[in-house]
Amino acid sequence: MVIEAYQPRRSKLPGKDGDQIPSELDHPTMATPWDRLAATVIDWLLVLAPVLVVVGAPLKRVMIESLVLDSQSPFARAIVLSAMVGLGLIFLYQSLMVHFYGGTLGKLAFGLRVIDVWTHKKPSLGASMIRALVLISEILLAGLPWLSVFANVRRRTIHDRVSDTVVISTRRPGSLPPGTIEATFIRGVHSAFWAVFALMVSVVGIEALKSMESEDTVLTWLEPEKDDSPRCEAVSEALAGAPQTMRTEERLESAMELFAAGLVDQDCVQDEAEWVLNQPDGETPLAYLARAFATADNSELSNAYLQKTCELGPVSEACLMTGIVNKWSEENWDKVAELFAALPTPSSEHVSIWKIRYFMKQAKFEQALHVIAQLSGRSALAPFLVPERAKALWRANQFDQSRLVATTAFETLTGKERLHLAGWMCYEELARQCTPLEPASCDTFIREANNQSETALQPTGWLAMVLLKEKCQSQATVADYEELKLASEETPVEKFIQTLELWAHGDEDPAKAAMIELIKDDKQPEILRNEGLRRMVVWSEQKDDMSPWIDQWQKLKPGHRRTVGPVLFRALRTKGRLAEALNVGWQLLDENRADLQINRELVITAYQLGRRKDAWKLLRSYRERYDILNQSRSPASSDEFAGIAKVLTKEFGEP
Amino acid sequence: MIIPILNGLLRFRCAPVTWLLFFLNAAVFLGGMIPTVNSQSVINEYLDDPGFLRLQGRLFSQFVQQNRMEYSPLVLQLAQKAEQGDPEKLRLMGTLAVRNSEFMSRGPKLEFRGDQVEITRWREKVANLRLSQDRHPSYVLGLTADEVGLSHWLSYIFVHSGPYHFIGNMYFLLIFGSMLEPIIGGLALMVVFLLSGMVGAGTFLLLSGATAAPLIGASGSISGLMALFCFFFWRRPVRYIYFLLPSVHYTGLIFLPAWVVLLMFGLSDLAGYWSAVNEFGGVAYTAHLGGEVAALLIGSIVYLLRFRRTGLAVPEGPDVPVGTPISVAELVTTLKAS
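Quick note, the sequences are listed as chains A and B, same order. With our numbering, the residue at position 275 of the first sequence is 275, and numbering never jumps. With our numbering, the residue at position 216 of the second sequence is 871, and numbering never jumps.
From chain A, some residues computed to sit far from chain B (all C-beta separations above 10 Å):
{"hint": "1", "residue": "T180"}
{"hint": "2", "residue": "G188"}
{"hint": "3", "residue": "V201"}
{"hint": "4", "residue": "L263"}
{"hint": "5", "residue": "D522"}
{"hint": "6", "residue": "E526"}
{"hint": "7", "residue": "W539"}
{"hint": "8", "residue": "K557"}
{"hint": "9", "residue": "E591"}
{"hint": "10", "residue": "R612"}
{"hint": "11", "residue": "K617"}
Now the stretches of chain A that chain B is said to cover, found in silico as 3 or more residues with beta-carbon under 8 Å:
{"hint": "12", "segment": "34–48"}
{"hint": "13", "segment": "51–59"}
{"hint": "14", "segment": "65–78"}
What the hints contain is simulated information worked out from the structure, not anything from laboratory work. C-beta atoms are modelled at their ideal positions from N, C-alpha and C, and glycine is treated no differently.
The shape of chain B in the complex, shown without the other chains (with noise of 0.2 Å):
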């Protein structure tokens, strides 16, 4: 395992902006824990109920099955085997059912064959399901199918599911954030943070589509930043820790070019959006990818607009984690002889 470690943690002074994000991000979490608990609690049991996922399922077959033309040859096939009655079929297409909007809002409405006894029950509870939602601060803030305003291409960016992907987010945002704001300054950083997240939020809507279940996080956000710190330091050797075994021997810092943190969330995100599924969801590889192209194009505008004669005024000298810029054969050279 390696993760870089940067600079490290600036104090408020020295990194204002980097902190203000980290706790407006932090009061919107906390803000947010009890409505999102309670919503989440009514949400989760409609999700685990069998019962209605099965029904759900059964249901949303029908609906692919008459709008034949906007739905994936995927989920066509799934709605098939599922009409079929296939019980596990049934459940996936049910859970399918509470990502796809247009479903979620037009379904309740809709005449459908089965058992009317069970059907006039579930449109009750995907009224109270719908209701919900609506209180739950992912789904007023995050980015879905129904609130696609420029205004939630920016709420979102502040909104975590729960405190792991938060201290996740949190971590990055200000590794990142304390290495950048005293290069670029506070403002470019807050510009950088949020039309990251904005490209992120507009790259998730062109390549993956928005759903019923909102787009939330910084992580579009964090991917700028730090595509921006690799741009901005490429070939300088930047400090990671590492664990390789449970010994004092093959643990600890080490200092490796900028662009292997890109090469790691590059390579991952890239990964991930090849290999994902975009019915079932899960984490929004392309908000990331589209939160480091941005940046990188930010990065290069500026590079060449600024810095190209100057080049960057990054910090040196023997108190600073950054070392002069590396090649990657001066790389293998310098791991051989360390």
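The following block holds chain A by itself, in its conformation from the complex (with noise of 0.2 Å):
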């Protein structure tokens, strides 16, 4: 073959006829990867870039303005127009130039040229024209194909091998073939590509096939599109499949509801409220009072919100809903039943549910149950309806009642409003009775908890059972459900569960090492640490030190001292720490938190460390408090604080 005959670093190329051999190629050596490199940017960055900005500029104009209106049709068509005019130029560009000149302006402007490798002369139209075309598909490979230029023993690209051409140097040293290192290093690059390339190709291969598989897909392309206006899905699933842009204030009134039962957010109250102002007489008192709800955290706003709607409607509904937002605000319980029981006659189902959490917050449970009993029609109020009606009966002691209303509800709701419920009921099945029951709703809390994605609902359940068992077997204060619901909000508790099984399994260093750490933690919620704190007392030993424990009992907010403070206060007795507990005591005492019996046990502290006016002092106080001067009379008083008494006294005088 001529190609084998084509031999790099020649004094003179052999040819079949030497004197066409143009006289510049007279000492012609392959051209480095550098120079085609650098030729290639001359070519592509300052010959064609600017050539092809120019033509493309009308066709850029019609792409900004087709993505702005979101035409698709015009923006492929200056998509596919664009590529075309660009391919062609391109074409045209390496074709003529590459015939007529022996190289683009790049390769003139580094002294390279094409030369046909049978003939040594300039390649011939057909070949330069095959050359452009190569080159075109090359680039989309990205132009990872001209890296062969590397590793090609003649420097030659796959676009140079199709069309017979070689690239030479007239001017530099030119190259040398690649050694052995660069050749296999650029085959490896290569082969780790297309290796990728197959890879990615079959992952995405198969995971279309699996899609394809799956019904729901299917049945997704075949839908119709969705509306993209921005109204509220939610609301649109409650008013059962109607048109979006239909029936505005219905849709309205429904957000209004959902909002009211806890089952959207504002966005969707806002989305709906913002819809029927901007329609022609949009402007009512419903929608500005919808605004004033969905600013609720933007107070300032949110008081406009609620003026406007007086504003336009003073007599409305929606105005005295704005009053009770005040009052309620204020807490001004009294002022929010008055307002209530001035609203027409039936009333609007938002307010309605309004009153259900009113009457509910004030434990009016009867009066809560005959509102729900009002709404029970409506089934997309069913997962705020249901579980209140539970609660309200549970609430109004009619126990079987309610676990009748919750075993049905565990049917119909779902997932999350199915495991809010259990878990509450489970609750106050197990507060209400501590013997060790396995009532339904707690097989169901069990399940669902199990079964749930979420799982940071799952602990608040679990530490509520833990903190139930432990109240069971020790008559200890626990904290609220609702609370801890809180918490778990915050911080997923799995952190305290795991310490407290620690301990239950024995490994006291490290449960106590884990509480600490857990204590001093501050973005853990507060009533974790606290409760921690609580066991960190109760596991204290003898030699352990326990003014740490003081300190962060003093820090504590004072409903959490309740708690820790009577447990703190023994802790510090039964260590013989009678200074340190007094203290505690006393202090307990002054905020009114203290009880009849850690009362006495401070008089009995105060004489023990010889504080014996101090010890007639509390003594005074007990009294003062709890009243029961005869009670030291009774049979009991012969225990130590009534000998303690009967000495103070004496000594003292009465109290």
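Two chains, each in its own frame: build the complex with the hints.
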């Protein structure tokens, strides 16, 4: 083959007709890859790019306009046309320049020439065109085939080989054939690319096949395109598939109901209210009330909406509702009741839901049940109404009725609502009766908790159970279920439960270390840190230093001191640290958080410390608080406290 | 990448007017920095507020629908989509509204359909926004739809939006000024600079139209200097710096005819003009083209009146980085031979 006859670095190219070789090619050598790359940079950035930018400018404008208007077909047309024009220009530039000048402008600038390997002359027009075509196909492969210039023994890329051409340098020393390492490296890169490419194609193909097999996907494709106007999906579902663009007022009513029931967020109400307000004659008191609810986080703005509600309809139900909102935020419950009573009957359903919330809050369970019964036909509100009914019945001591409602609800409610109701019921069942009951609600809760993907809910229930178990064992005060639920929404409580489990399994030191870490972690919910502190006090041994726990206790919020304080006081007394115990107890007394027993123990502690005057003062406080002067003369007066009281009375007089 | 560096920078006494123009631009830029930063922070606060833009987009859409004759089909279609509640289009319309002086001045006084509480707050915000714009050097000195007086046709030249805008323009002012001033003289340079800028402003008003967003920057004037330089030096090879690959073999200086500069800048401006959607603003390509055409006209007139017979007194010699005129064929031959 002639190509084999071509020898790089020869002083003169052999050919059929040596005279036809241009004079500048007297001493040709293979072009270096870097010269070729620099020539490409000139061709692309300095020659083609400006021309393509000018030629493609009108198309770019069409593309921008299509993108802005989301018009897909003009955009696609412009893209195809741009690609055709661009590739056509590249084809013409490459083929004509190579045929007529022996190289593009970039190649000429670097003294590179494209020659035919058979004739050693400029390539024919046909060869130049084939070369340009293959080069374009290489562009579509991100130029990766060009890397073969580093691997081929004659520095020929695929388009060189297909068109029987070679690029030589007339100016520089030129290039030697690639070394073994260079060629192997590039072949490795090539192979790796194709391997990754094949892998990706396989993965994508398999995924596509899998999704094709899924009935859901096929159905999704067949579904008509959804309306993308910014309306609330939950409202559409509640209205049983009513078109999103219809029944605007009704949609807003529904959004308000769902919001009052806690089944949608503020954004839903916001979107619906905005839609109503932007309709011709869309300004209604209800729309502004909805805006007030939706902007509740910004009190100034929310108040402006409340004001606007009443400006627009001074005697409307929405205006009366603004008064309720104001008084509710002030916790003026008498006034709220008055305003609810002033509302016309029958009132809107969203108002009725707020009534239910109010009655439940004020422990008016019978009234709450009455309103719930009125709304029972609304299936969209069932996730709110059914649990509230079960809770109201429970609180009204109609336990069997409540269980019946809950059991029925477990079959109709969806996962999240079912889990919430089951958790609440299970907790209440256990709280009511500390026997190892296994009520249906607990079974449901455990089953749901295991099935639910919302793991944050799971620990709440478990924590509640753990604490309840303790309560049942020790009669200790435990945290409120709702408070725990809130805490678990802030931070998952797995760590706390794990620490308790460690202790239960006898791993005392790791349990203590983990609990200390939890107590000191400001990011943990306060309720958990306080529970942790309570346990650390209980778990502490005789030799342990209690000062850190006393300090920690003093930093607690007053509500939480009540829970931990008595435990700390007794632990200190048990360890014989009477002075510290007296301080803690006295603080509890000052904060009116010491019960009768603590007060008695305080008197004894002060007496044991030799602070008899203080003991007498504490005795006086004890009698003032509990008015049990007569009790001291009861049979119980024979205990230690009674003895001390007698001594103190004798010494300092009647308290 | 290839950039003309021509004669480099001359000392002050060799090109005093060029340096004076530079100092004047620098003084305006530095003097306006603090008010620019202060006003811009307020303006950005509103423009970065999605709620503000969304509402403004809604109101502007209503405004456009009420004044259909005054808007392009693109804006009309956008307004229609925005009114259907498309959040992306609302935001876009809100941004376009800021550029629309008619809406920004009349809008707050009009009655709109929608949430009146929000609209009242929007009116307050627009009043604040306009107050900040009134203190912003770009709005005070720039060419806006509200300020199209002749004084603004000049003052806009000396205002720049930021350091990159300033540095980019000043580089070319010094490069082309240093090349031209020794040949045409300081006064002529000043006249060309200002006249090109004014014609650039006129072309911008004619082809693109003034908006509430100001036209600023010396690029129209500098395009004029560049075009005049190319006219006078047309076929003479001048100095460029090129950077192809990160290696000394592929970086350096090269002499190419002066028309290459006009080709580079002119093509880019033409492409920018043809591809630009006027409503969205951006680089004022029409001002560049206006400056270039003005300078080519000035050059032609001066050449015909003064140099047709004698030719231009272009400096030549071994120390001057300007070659003798060269044709395209000679250029190709030189490239091949070099």
